[in-house]
Amino acid sequence: MINYILRRILVAIPLLLVMSLVTFLAINLAPGNFFDSLKLDPQFSEETIQHYESLYHLDKPVIVQYFYWLKNLLKFDLGYSFFYNCSVKKIIAGRLLNTLLLSVVSLIFTWIIAIPLGIIAAVKRNRFADRFFSLISFVGLSIPSFFFALLLLYFASQTGILPLGGMRSANFDSLNTLERLFDIAKHIIIPTLVISASAFAGLQRIMRGSLLDVLRQQYILTARAKGLPENKVIYFHALRNAINPLITVFGYEFSGLLSGAALTEIICSWPGLGSLLLAAVRAQDIYLVMASMMMGGILLLAGNLVSDILLAWADPRIRYE
Amino acid sequence: MKKQDKKQNNNNLTFLNNLKKLPFVAVVFLFIFVCISGFAESDKYGGQIVLATTSDPRSFNPVLAKETSTTAITGIIFEGLTRTNGETLEIEPNLAESWEIRQDGLSWVFRLRNDVFWTDGKKFTADDVIFTFNELIYNPNIPNSSRDIFTIEGKTFQLKKIDDYTVEFILPVKFAPFLRSMSQEILPKHALENAVKQNKFNFTWGTDTSPKDIIGTGPYQLKEYFPGERIVLEKNPRYWRVSKDDDRLPYIEKIIYLIVQSQDTDLLKFQDGEIDYYGLRGSDYPLLKPQEKTGNFTIYDTGASFGSNFLVFNLNTSINPKTGRTYIDKNKLSWFLNIDFRKAVAHAIDKQKIIEILMNGLGYEQNSSMSQSSGYFYNPNVTKYNYDLDKAKEILKNAGFFDRNNDGIIEDKDGNKVEFNLFTNSGSTERIQIASIIRKDLQNLGMKVNFMALEFNNLVSKLTSTFDWDAIIIGLTGGIEPHFGKNVWDSSGQLHMWHPKQAKPDTEWEKRVDGIFNQGVQELNDKKRKVLYDEWQYIISEELPVIYTVLPASIFAVRNKFGNLKPTPYGGAFHNLEEIYIKKECRK
Chain Y
1 MINYILRRIL
11 VAIPLLLVMS
21 LVTFLAINLA
31 PGNFFDSLKL
41 DPQFSEETIQ
51 HYESLYHLDK
61 PVIVQYFYWL
71 KNLLKFDLGY
81 SFFYNCSVKK
91 IIAGRLLNTL
101 LLSVVSLIFT
111 WIIAIPLGII
121 AAVKRNRFAD
131 RFFSLISFVG
141 LSIPSFFFAL
151 LLLYFASQTG
161 ILPLGGMRSA
171 NFDSLNTLER
181 LFDIAKHIII
191 PTLVISASAF
201 AGLQRIMRGS
211 LLDVLRQQYI
221 LTARAKGLPE
231 NKVIYFHALR
241 NAINPLITVF
251 GYEFSGLLSG
261 AALTEIICSW
271 PGLGSLLLAA
281 VRAQDIYLVM
291 ASMMMGGILL
301 LAGNLVSDIL
311 LAWADPRIRY
321 E
Chain A
1 MKKQDKKQNN
11 NNLTFLNNLK
21 KLPFVAVVFL
31 FIFVCISGFA
41 ESDKYGGQIV
51 LATTSDPRSF
61 NPVLAKETST
71 TAITGIIFEG
81 LTRTNGETLE
91 IEPNLAESWE
101 IRQDGLSWVF
111 RLRNDVFWTD
121 GKKFTADDVI
131 FTFNELIYNP
141 NIPNSSRDIF
151 TIEGKTFQLK
161 KIDDYTVEFI
171 LPVKFAPFLR
181 SMSQEILPKH
191 ALENAVKQNK
201 FNFTWGTDTS
211 PKDIIGTGPY
221 QLKEYFPGER
231 IVLEKNPRYW
241 RVSKDDDRLP
251 YIEKIIYLIV
261 QSQDTDLLKF
271 QDGEIDYYGL
281 RGSDYPLLKP
291 QEKTGNFTIY
301 DTGASFGSNF
311 LVFNLNTSIN
321 PKTGRTYIDK
331 NKLSWFLNID
341 FRKAVAHAID
351 KQKIIEILMN
361 GLGYEQNSSM
371 SQSSGYFYNP
381 NVTKYNYDLD
391 KAKEILKNAG
401 FFDRNNDGII
411 EDKDGNKVEF
421 NLFTNSGSTE
431 RIQIASIIRK
441 DLQNLGMKVN
451 FMALEFNNLV
461 SKLTSTFDWD
471 AIIIGLTGGI
481 EPHFGKNVWD
491 SSGQLHMWHP
501 KQAKPDTEWE
511 KRVDGIFNQG
521 VQELNDKKRK
531 VLYDEWQYII
541 SEELPVIYTV
551 LPASIFAVRN
561 KFGNLKPTPY
571 GGAFHNLEEI
581 YIKKECRK
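Here the protein sequences line up with chains Y and A, keeping their order.
Just so you know, my numbering puts 9 at position 9 of the first sequence, and the rest follows in order with no gaps.
Just so you know, my numbering puts 46 at position 46 of the second sequence, and the rest follows in order with no gaps.
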């Protein structure tokens, strides 16, 4: 097993290199660079802009820029953000925790809700509960998340129950620890609901479908014929076998931990990576974009690895040699 | 709700108790009132103001970063030697208490205030001024746009320290906007000297700096910054300015900027009472106006704003060295170069319709190159092009453009269909809407216009390097000093969009405009300067290198809790921030 993991990690390195090169070239396909936006400001002379460009090697060919970037990366230097006048590492570190908090909370929330509801829907197939949850799932799947977010914000502004976006109240400093926790909890409700709405729907459908598949198997019939109680049949025999597709989904969701919530973050003014990266892409703040793409890539590879390991752990039939 | 009821009850009780003692209380109050009425006015201190901004500041370093998201913050932390009064637009003393002009405008001697302290307690002196200019702005290792302003014909200002509180600026040539440009923020030598020596200034005072390390002289100092969330500024207790009533300024204790991601969230938060100020788009007006009373705010319409939107045609007659031809098709170029063609277009643009549709009637037609709100140098007497389709068609016909084969599209003398591309930047919905209205207007003239919204950087590279465009709708932020637009109007300027970077002026009128800008910058007599810039605005309106559209009104809603509020289009609602106080009943 350890051999297998090491091999996967070794394979990941050239993969990441190729990915970074392609990303870097793709970003540079767009015309112009970050400092072009200064060119329409009458207060900037051409010389000043050229000075900026040479300061960050933007006047060199793209491939040379790439190697500058790679060289710095080996020194664990992610580069400098032109947009925020600050090192990329510091900017991302400042926002990373906020995004992780939101993603992890909504991930947990989604799974806690979706798995039991999927099981109920499968067990009570074609009965009222199943139809009702299906309806909710389809609504959740089809409603665009930005629209749902705006609806919830409108609801919040009309009722005044929940805060309108952001992560902390203006008077956060004057609160004690418990109140602070409560304050953040209040702010996290709307974005969590928005992210969970669509994620929940998919997961619930997968859980239902895969459990139904298993319930049709011969060994379930055997279990029932043995006279096992129904809940033992479902929770011990069926669920154990139905969980595999969910583990694979989990691996993919892992890769979305940092970027999956971007749209919701932007609408709900959540101070995470989403709005930061959108601004970075639009302004061609290349090193910040590169850093975020690389993080996404690493998480995707790591997520796949984790889900493969989990699969082997959950299902004794799967072995890696 | 419950809590409030309780409070009310309590108040009622105390009120009843007090009722019994009323005569006594009244006498005491009268006595106190008579005694302290002299001080009663100065009970203006305290409270906080909550504002919103849609983007994070990029830096706290005013030399390196000049975007509005940054200057909104650095503008209250730092000060210059002079400042522009937000109401009268006059230049007034700031860190310098007075100045005198010597040698016919080539030497300016500033007498600095000697009661100014940096927020860390060190005294502000002439060394800081000299440091800011010599070590920062003129430092070749620090790219900054201020250097472009303070370099005239390739020469820099010489600074001379006369004593600790007197500085002399020696100019290479006369520079009329000198005093206004002296609003350049002065930075503390003692705090930044080391960073400059180690060549680290370019990375100093970025947004990752600890707030207490950012040292200014302004009315407020940085207290906290949470990226993506909020910026908190608190009163600078050492601030030097006192009010007319001898109150030490500023009055308001704290300024909180909430960072919101979109203007819609901003609006919701304003309606919710969370923030005290909201800058309206025309489309917000019908929504907010009826809520003025219930929401306890007032909407101020201060007049035309400064950001222009205009249509510009490519008049670039230079030869592309790569192809040996002009940058655009020579037929197209010949139409655009035809002044009658541009005049007809100007007559065909329905500015009122743009104002009605885009801004709910809250906008102003723009005819001059300067905004109506820019004060002294604004020339209202320029050629105006009223919306008149018949006249436009007639002008076109006389110039040889009319529909020869009845296909609905006009042709030029050689029978070429008049068809061209119109671009604008995809980031601005306002411009896209203006473009689609103008496109419709031009189609009414029988022109075929293909409209496309491009990414901003793509548009910029077309404007400044590839020159392969026909017509563009773009805008510039204007100001009150015409000289700062020189890069646009001078024919050698990079932003002379219709024909940039000319070796020598291509047309007679461009030659005259170059002359005006060269003369205007050296003319110290304001009246004579005005004559010059009036002529420039007139020439532009006659020659139409750019066809102006509309200026949105500068309207904003402010919660009814402030005293001393004097909103203006130039300064906005809070240009006199340090004098504004929160009314006692609104303070918590």
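Please keep in mind that the hints were generated in silico from the structure rather than gathered at the bench.
Virtual Cβ for every residue (Gly too), placed ideally from N, Cα, C.
Wrong hints could be hidden among the right ones.
To be verified - Quick partial rundown of chain A residues pointing at chain Y, CB under 7 Å, derived from the structure:
| hint | residue |
| --- | --- |
| 1 | S59 |
| 2 | S145 |
| 3 | Q261 |
| 4 | Q263 |
| 5 | G279 |
| 6 | A453 |
| 7 | N457 |
| 8 | N487 |
Now for the hints, and whether the structure bears them out:
1. S59: With a minimum Cβ separation of about 4 Å from chain Y (threshold 7 Å), the hint on S59(A) holds.
2. S145: Holds: closest Cβ of chain Y sits about 5 Å from S145(A), inside 7 Å.
3. Q261: This hint holds: Q261(A) lies near chain Y, its Cβ roughly 5 Å from the closest one there, short of 7 Å.
4. Q263: This hint is violated: Q263(A) lies away from chain Y, its Cβ roughly 12 Å from the closest one there, beyond 7 Å.
5. G279: With a closest approach of 17 Å, the G279(A) hint is violated.
6. A453: violated (14 Å)
7. N457: With a minimum Cβ separation of about 4 Å from chain Y (threshold 7 Å), the hint on N457(A) holds.
8. N487: Result: holds, 4 Å to nearest chain Y Cβ.
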